[in-house]
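> Line by line, the protein sequences give chains F and B. Letter by letter, the first sequence follows residues 10 to 422 in the working numbering. Letter by letter, the second sequence follows residues -3 to 388 in the working numbering.
Each hint should be verified, as a subset may be incorrect.
Stated by the list, open to error - Sample of chain F residues at the chain B side, in silico, Cβ under 10 Å:
1. ASN21
2. ALA67
3. ARG68
4. ALA92
5. PHE104
6. GLN148
7. SER274
Said to hold, decoys possible - Only part of the chain F face toward chain B is listed, based on derived beta-carbon distances under 7 Å:
8. ARG36
9. LEU90
10. THR94
11. SER100
12. ASP101
13. TRP110
14. HIS154
Hints listed in this document are in silico derivations from the structure and should not be mistaken for laboratory results. These numbers come from a predicted model, not from an experiment. All C-beta atoms in this analysis are idealised placements derived from N, C-alpha and C, irrespective of residue type, glycine included.
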Amino acid sequence: MIEPIKPPRRKNPLLRTRLPASPPRPRSRTSHGFTRAAAEGRFMLQSCEACGSFAYPAREACPSCLSAGLAFVDAPRRGTLLAETTARVPSDVYFRERAPWRIGLVKMDCGPTIVAHLHADCAEGAPVRMSFQLDKSGQAVAFAHPEGETPNMADDKQWREMTADPKFRRVLVTNGRSVIGQEAVAALKAAGAKTVFVGVAEPWRPFAGERLLRGQDGIEIVTLDAADEKSAADLAADIGGKVDILINTTEYVRPGGLLDRRGTSIARDEIDQAYLGFINLAQAFGPAMRMRGADGINNSAAWVNILSVYALANWPAFGAYSASQAACLSLSHCLRAELRPGGVRVMNLFAGPVDTEWFQTVPPPKVAPRAIAQAIVSGLRGGLEELYVGDVAEEIRQRLAANPKALERELDR
Amino acid sequence: MTKTLRTPYDGVVIAAPVTIPYVRYSIESAQWWIGRALSALVAQAGIKASDIDGLCVSSFTMGTDSGVGLTQHFGLCVRWLDTIPLGGASAIAGLRKAARAVQAHDADIVACVAGDTNHVDSFRLTLENFSRFNQDAVYPYGAGGANASFALIARNYMRTFGVTREDVGRIAVAQRTNALRNPHALMKAPLTMEQYLAARPISDPIHLFDCVMPCAGAEAFLVMREETAASLDLPAARLLSTIERHNAFADDPMQVRGGWAMDIGDLYAMAGVKPDDLDVVQTYDDYPVITMMQFEDLGFCKKGEGAEFVRQHDLTIDGDFPHNTSGGQLSVGQAGAAGAYLGLVEGLRQVLGTAGPTQVRNASLALASGFGMINYDRGLASGAAILAGPSR
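Pulled out of the complex, with its shape left as it was, chain B reads as follows (with noise of 0.2 Å):
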């Protein structure tokens, strides 16, 4: 196994996940929907706001506001901040900065929150006004977004692998098995593989039940040393270790692989854990095909094998690869940046034994992967992380 030099995150621990339950369209603001996660929290951990002594935040709806201007809006004094932009792999970096901010006592307690509001016009608005590259060289290239750019690579893919629809549309069937028990889930309807194979295409291959669907919403937890728990009563999950990339193989012609591939050695070792001692996955799944290249990256199965290894498994609740329990972005809905933080948030319920109707009997060990920033052909951010729940 491979050897890491960084430094253990002994000590440092997260607790009090928050969703406030997502709705298609929101009139409120970014603001609002972060405000409702704040103080979810603060009524979840038994503390006061003023306790609140570092902030990160991620979304793409606040407008001018940045971390900063939201510490006057919420009336928090804190003394470390950070504003987070990093789309899908928000949520991991978020955690990542954080844990060393507690761990070296630059903060006691840190608010890690991602919400973004969702009106009628603002996912196209996002889509024009993603990136430089993407506005200048993908944008006006028939402005299908994130489906067009994502198709481009599904296509590539399933063709160098010999993938088929249904080998992905097992992943998107499963997830909504899974959505069904989740009451907040924006999905509520069966979908069988019939139904998912006969929907419209949006973007070859790339067809309806591929894609998440923009809706408004936040999540939250916090990061806090060990003993501040404890002293809070709160009951909290062990950062065992993380990962973080960007602009990974850029050589690489055509996206067949992410960020997690050059660090997946890093982040089982730093756990001392392996693949298979995971109890419950959270993959990003921003669309089907790129869950099923992180089975890849993260080590569960060799490159090219994705399709065979969801064939063998059973990726629901009860299935013997529980994965994306909450039904995850494909059935839950995509809330912005909040998005990344869906599969942390709910990976972290299942290692608290708190996910009500998802929960994974005696999960312990659950891993969680953030993907993110299409700025141009590929997606540029990837990261990971892996928590232990106090059973464990």
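This is chain F alone, in the form it adopts within the complex (with noise of 0.2 Å):
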């Protein structure tokens, strides 16, 4: 049974903030199909192609027969907590700051026993729910859960290390004038942010779904143009030090791709908006996120990108844009690197295209702003780290994996 943790007190500004630590961080190369499965919210392990069984941990033979194809495959969740220890005076520094620290030996129903974290709840003799998670040092750790729900379930101390829930934290969207920022909101005060900042280039122009934010409790429109650097910089000034997450809303689609447009106008448009604004809020940001990775029970936890799955593959149709999606989500590996000493994770979230104003003339199937601002919240609860939402995410993760040609031909209608 787990106490629901309480609202942080204000911070007492004269005390030295705790400077972060990372969990182990060494994996072997075939480990790291883990990691895969962490970064997408999957359960795999190995199965032999050859016997059917499964292994643990990761392996370059089947230990039943020897053979070498062994794919990592989604797999049943459920096992039986076989033994549990409490580590109380760990070697490393940050589970001894953390200490002390639940652990278990899980036989799984599907065969391998698994060295995992548990949450409170499970119990020695009784079934639990496995998952993947990403630790604070961006790595893939076994989690071991009670295998129904239990009250204040994600409460639990070990849980919250391996995730960014929103409660009681301090979040940035970073654009209110878009649907989507002002979607996401709303879903960010519902799963209980405890302020949530907006940013808005010249709030004193109004903007459609302004009653939406403005006066609201818990909601503070603050000025912020993305791509304006001075901006990005006053605003870090103001408030850097109290976003715990960071949402960036940044939205500039325009349709077309490289010869039937005339010069680079656009294109620099586009690169000003969403690479370089990416950049401007990084600097900004960033350096006080990646400071404030163990700063109590709302320390700073997440950057989320939303991104157009184009950025994966480019769609001449609107070509240029998928070029300035691709440029921020190599720019987002470079930013996941350099957070991690801090345990801040970046949440890429790919969406097809968006049912607003730029995507009108794209037939359905659209994603709902809302369905984003969902998901941005159920990412940020598990932990995630990839997120695909609406049909056509979903469908071009899978053709590119299946086949990157085919995609880039098909793409090309």
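Both chains come to you apart, so use the hints to assemble them.
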């Protein structure tokens, strides 16, 4: 039974901020099969293509038949907790600061035995449900949950290390003029965020949906034009130490590729808004977030980018836009590496065409802004790194994995 | 009694038990400790270093060196060489290989040595870099090291067989009593059952006095043929039998027995003795619960009766079941791979009658066991050997 976490008290400015430490990071290359699973919220184990048995930890040959054909496949999540222990004096700084820390040995119904972090409501001899999570060093770890729902489940101390739950955290949504931004604000408030700062460029200019934001409890409109370096820096000087989660909702969609456009002015705008805007935000807010990765209940926890799934494969009808998104995707990997020492996760949410004005001529299915907002919350709560929202995004993901050349040809229609 | 088809160790003897007294922390390297042990071997046996024509080395902290680098380092020219990275099973495994080498005249005098240093950060580095499965699937989970892994095994064992902390504590307390007679033991204060039970928890149910203290030190012995020992006028013990097993009982969901249980018939059949005949027993005591498991698996009692066995017996030097007479790793210290040698070297001293203050009266038959390498969820390597002194 878990006590609900309490709202954090106001921080004493005279006290030193505890610096983040990382749990052990080294892994074998094969073991990163679990990193991929954890990034997408899947539970995958190696399964032998020859004899069908499951194996764990990551192996190079099947321990039942010595076949090298060990593929990572989605596996049944159910197991039984055989034994548990509480590490009270670990040798590693990260765990020492968080001790006592509970771990256990889980016998999976599908065969292997897994050492796992335990949710506090897991009991010896009882069934558990397993997941792979990304820990504060960004590496995959096995996590055992009780089989059913328990009260205040998400408030478990060890689980909260694996996630970026918005509860009691302060969030910056960078663009409140967009529908996605406004839906994100509502979803994050509903998820228990303490404060949602909403960036609006030139806030004196009225905009649709403004009444949903202005004067609402726990929502603060702040001046932010991400494409403007000084604007981002000014805001960070004001609230940079209070941003626990940053949702980069920058949106700049224009149709067209290369040959039917004249000159580079539109492309330059796309780069200014999406790519350089991302850089401005990262340089303004990233350093403080990286510093505050272990700063109590409302430590800095996540950076979220909303990207077009065409960042992964160029869609010539929106070809230059696709390229600007690809640049942002690449930059997100750089940001992920640089935020990693702080334990701050970077979550990329990939969406197909959204049901907004700039995709007006695109036939359905299109993604509703509200679905993106809900995916942001569930991704943060689940501690994910990659999220595909909507049918188009999911299809592109699968087709890219199956045959990138086929996808390239078929996007040219 | 089980029949064995294995070739007897006829004519194989062990001599010159060497212990380089342990220290908690050392600024010297593993190579320094191994060098001291080799020097002591040569001095004790009254031979020249050039008489050593076989070398078997175990260490966790030699850095990039293996046995071959050590030959040049120490000016040895050998025709038989082995490096054995089996942790707590290294001494038994090394002895087995060396015995066959001298028996077949591949070598005449094999020096078996284990040594490790312990700098202030050595132990953490060893934990971090122990094995691939450990790196991938154990260390990132609380970084509790062997304590956490053995805690899971201990908890399951104790629950399954109704073992209490007090039962396990009898082993640790008796070993401390023995250690008080060993001037080289790092633990010098008496340990009562009350103190044992009141110790601070490390990783439940493992408490402070269930854990060994990492330290620096070295242990060694010589393996040769009987006639070589005679020509050197060296007191020596005969090797009667050995067993070794790795990754036994892989289908047990959790470890409740080690590989000994698979080979125990062989061990006693080859030696031609029964468990009751043994005068002194040296188990591998990285945790007392693992010792209790060995009492069962080595045939002193049935599975699940280990707790009753320790309640019924006095495990001290003067008791009815003299066990880990030097104090064992729990009270002497765990000098890395030398911890594997501690019991075997002490057992050798016992049957040679040279154990001094820890000597068991009239000891002539000793068993020493080894256990090592908690690669993932269980100790993988196990072994045991039976030695007979000159009086038998």
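> For each hint, tell me whether it holds in the structure or not.
Status of the hints after comparison with the structure:
1. ASN21: Status violated, d = 30 Å.
2. ALA67: With a closest approach of 6 Å, the ALA67(F) hint holds.
3. ARG68: 9 Å, holds
4. ALA92: Because about 4 Å separates ALA92(F) from the closest Cβ in chain B, which is inside the 10 Å limit, the hint holds.
5. PHE104: 5 Å, holds
6. GLN148: With a closest approach of 6 Å, the GLN148(F) hint holds.
7. SER274: It is violated, given that the least Cβ distance between SER274(F) and chain B is near 50 Å, above 10 Å.
8. ARG36: This hint holds: ARG36(F) lies near chain B, its Cβ roughly 5 Å from the closest one there, short of 7 Å.
9. LEU90: 10 Å, violated
10. THR94: 4 Å, holds
11. SER100: It holds, given that the least Cβ distance between SER100(F) and chain B is near 5 Å, below 7 Å.
12. ASP101: 3 Å, holds
13. TRP110: Because about 4 Å separates TRP110(F) from the closest Cβ in chain B, which is inside the 7 Å limit, the hint holds.
14. HIS154: 15 Å, violated
The earlier numbered hints that this structure contradicts are 1, 7, 9 and 14.
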